[in-house]
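*Asks:* Just so you know, the sequences run in chain order A and B.
Under my numbering, the first residue of the first sequence is numbered 1, with each subsequent residue one higher.
Under my numbering, the first residue of the second sequence is numbered 1, with each subsequent residue one higher.
Keep in mind that the hints were calculated from the coordinates and are not lab data.
One thing to keep in mind: the hints can contain errors.
Stated by the list, open to error - Chain B side only, calculated, beta carbon under 8 Å to chain A, not exhaustive: (1) GLN163; (2) LYS173; (3) LYS217; (4) ALA332.
It should be emphasised that the depicted structure is a prediction, and the values quoted were computed from it without experimental measurement.
Quick reminder that beta carbons are idealized off the backbone N, C-alpha and C, glycines included.
There are 2 protein chains.
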Amino acid sequence: MTYQALTETTVINYIKNRPALAAMFPPQAQLKAQEVGDGNINLVFVIEDPAGGQSVVIKQALPFMRILGDSWPLTRARIRFETQSLLLYNELAPGLAPQVYDHDEEMSLVVMENLNRHEIMRKPLVARRRFPLFADHISTFMARTLFFTSDLYLTGQAKKELQARYINPHMCKIQEDFVFTNPFMESEENQWNPLLKAEVQAVRANAELKLAIVDLKESYMAHAQALIHSDLHTGSIMINEHDTRVIDSEFAFYGPIGFDVGAVLENLILNCLSHYAHTPDPAERSEFQHYLLDMVRTIWHEFARKFEALWLEHNQGELVPARYWTFEGGEAAFAEFRRRYLLNILRDTAGHGGCKMLRRMMGVVTVWDISSIEDGQQRAIAERAAIKIGTRWILERQQFNTVDDLIAVVQEEMKSLEDQEEHP
Amino acid sequence: MTYQALTETTVINYIKNRPALAAMFPPQAQLKAQEVGDGNINLVFVIEDPAGGQSVVIKQALPFMRILGDSWPLTRARIRFETQSLLLYNELAPGLAPQVYDHDEEMSLVVMENLNRHEIMRKPLVARRRFPLFADHISTFMARTLFFTSDLYLTGQAKKELQARYINPHMCKIQEDFVFTNPFMESEENQWNPLLKAEVQAVRANAELKLAIVDLKESYMAHAQALIHSDLHTGSIMINEHDTRVIDSEFAFYGPIGFDVGAVLENLILNCLSHYAHTPDPAERSEFQHYLLDMVRTIWHEFARKFEALWLEHNQGELVPARYWTFEGGEAAFAEFRRRYLLNILRDTAGHGGCKMLRRMMGVVTVWDISSIEDGQQRAIAERAAIKIGTRWILERQQFNTVDDLIAVVQEEMKSLEDQEEHP
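Whole structure, please, built from the sequences with the hints as guidance.
*Replies:* Quick look at the structure:
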């Protein structure tokens, strides 16, 4: 079938004409389709058999970015990157990504499990819902997908062959531009709260900060450390109390591990700040903010613990053969190597997380947790704190030694904000 | 033609049956062929028309590594990497690599200019021959091939497409093993001067050194900074007083720039040390050693100057759009970014150069300049100094600020060696 964007009508014919998909439903099923995409670049259909209850999701790539109309052409090949990474996640971290049922390269679509008992994580976090298993799930997802695709586990050949399958220039370009570049210079698509004009201008004229951001962009572009999801914010996570699924992996490529970890932690921090508006009651607010900061701490500790445990269990990668450490003091040296490797990931996490925090405040892509605050003054409280924290995470990252150092910056900025509220 | 290793007889038939090659010689030419390869993994034929004077070189990949017999299978695809990189060098740095006339993927061979007025650089340097244009040529070669393939010049898309064409796992594996790993642990193919047993053991048990070497290996494996030659020692350089040509680029892939610069500088240092044996007269020796150290200094300065000049002239790469620096103080910030970028290359140069210096003393691959010293005691003088310098280049690299810091280490170790000779 030649590529054509599907509609709620044609998607049903598509399924009926594709044996592997048709077989998923009874022959007489009166399928219903609904387009539910709220993304910018894809169509997302939920197809259901109202009688039988079986349902699937079809995600189809559009050849342009919706948010900017037809003017931003996008390669449909991204669906291939999403499909192959989802299949890999199903292998490496079973149960933490949707199952994939089918894939049609020509039509640029992937057919997968309908996660109708899950919801995108942002809104429930704004509603102060708690997810007791999330830290465990997401740290497992990151530890396993990142470790098993790194030079710590793979042979050099296997890693490079995988890397070749994930040369993903068009999707990388979106992050290169909109995470690391355009938000920090004049660019017409940028948007920010007019109340923050001074802060935004200060970021764009902060030489040391901008030098650090270029270093982070260089690492995003050239540090092929592991197969990263590369868009792992809370809008790419579907969740319920029992279950966590990572979706939307079309940006996947070989990049720095800290970019993924940074995305998760940074989005939790932004949600935490959003409660200055969403949760007016100070005690209620403070309690949930603590909950989120504890979650940040736990995610890092669990990620680091699981990553290191996998390393010790599968110490077979090209980077360092086990025998390399066979000398007097070698065991301690290997432990020190692991410590430094994880410390570098922590510092990258702060750097990349900081960039992404800033870009959400002054680039084209906002963050729903905060952009949903209607009152500009109220919104500015969270935004101003985010700019301060993002800036400090970037500039101070080489002095960070534990995740508590990252959290301390958040707490200091929150305290200074609360002091101002009390004594304006 | 199905792959078969050519001989001095069959190579002539090969040429006569391939129109593009046959046309290079008169129809009646009585071609003569000679196999001149001294490498470990390839056949190299010189084919001449004794009457007309026209001659070409055919380099054909063998499917195994000669040095270890059939036991080390090697992909013949490496000839494709060599061919495409030589063609690229002809574009980016005209006149500094041999011309390519033909390429036969199935036969794993490349046909190129016969550089019969050039010689491999090692022997003439041992004979204290001077090459007044070399520093200019090699710095131009490195500045142009490295800058024009980096994110400083290319769009993200062009860089990643080029990178995909140079995913070269088999050849990378050779350097990963024999530069960064095996020499620093027990591995049966390692060889070293028995007089240096203590020094070699000390390297293999130096935890801080080995931690640093893993960092350098990580950057070799995962820092896709530019298309590097990846074997740019003085055995890969053919030279005469007027002309310099870089050959043997089958290791080419996207790696750290300092690996190439380090290879050139390190090999000049090893040659410099070899004169403790090759040049017994102290005045003559000292004069040539100074000449080489000056050459090291000039190569770095010229490389850095040309690299930065290209950057200023073609400031169009994905990494930093010129507009990013449009702010009060932005020009100074851009200058600072260039300074730090080049400083990082200098430090990488010391690190990678240091690893390569060490591996030549205690791995499977020796260096002719020094291995040709027959007397073990004499050889140990140069080798011991090389181990000290290599170790210090690696361990002290983050404190280096100019190339003079690298050279000062060499001079200190040479002085200490000379003091010992005077007062043993």
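*Asks:* Each hint should be assessed against the structure and marked as holding or not.
*Replies:* Okay, the hints, checked on the actual structure:
Hint status for B/GLN163: holds, given a least beta-carbon distance of 7 Å to chain A, under 8 Å. Satisfaction of the interface hint for B/LYS173 is found here, the shortest Cβ-Cβ separation to chain A being roughly 5 Å, below the 8 Å cut-off. With 8 Å as the threshold, the beta carbon of B/LYS217 comes within range of chain A, its nearest partner Cβ sitting at about 6 Å, so the hint holds. A hinted interface residue such as B/ALA332 counts as satisfied when its beta carbon comes closer than 8 Å to some beta carbon of chain A; here the least separation is about 7 Å, so the hint holds.
Every hint, counting from the list given before, is met by this structure.
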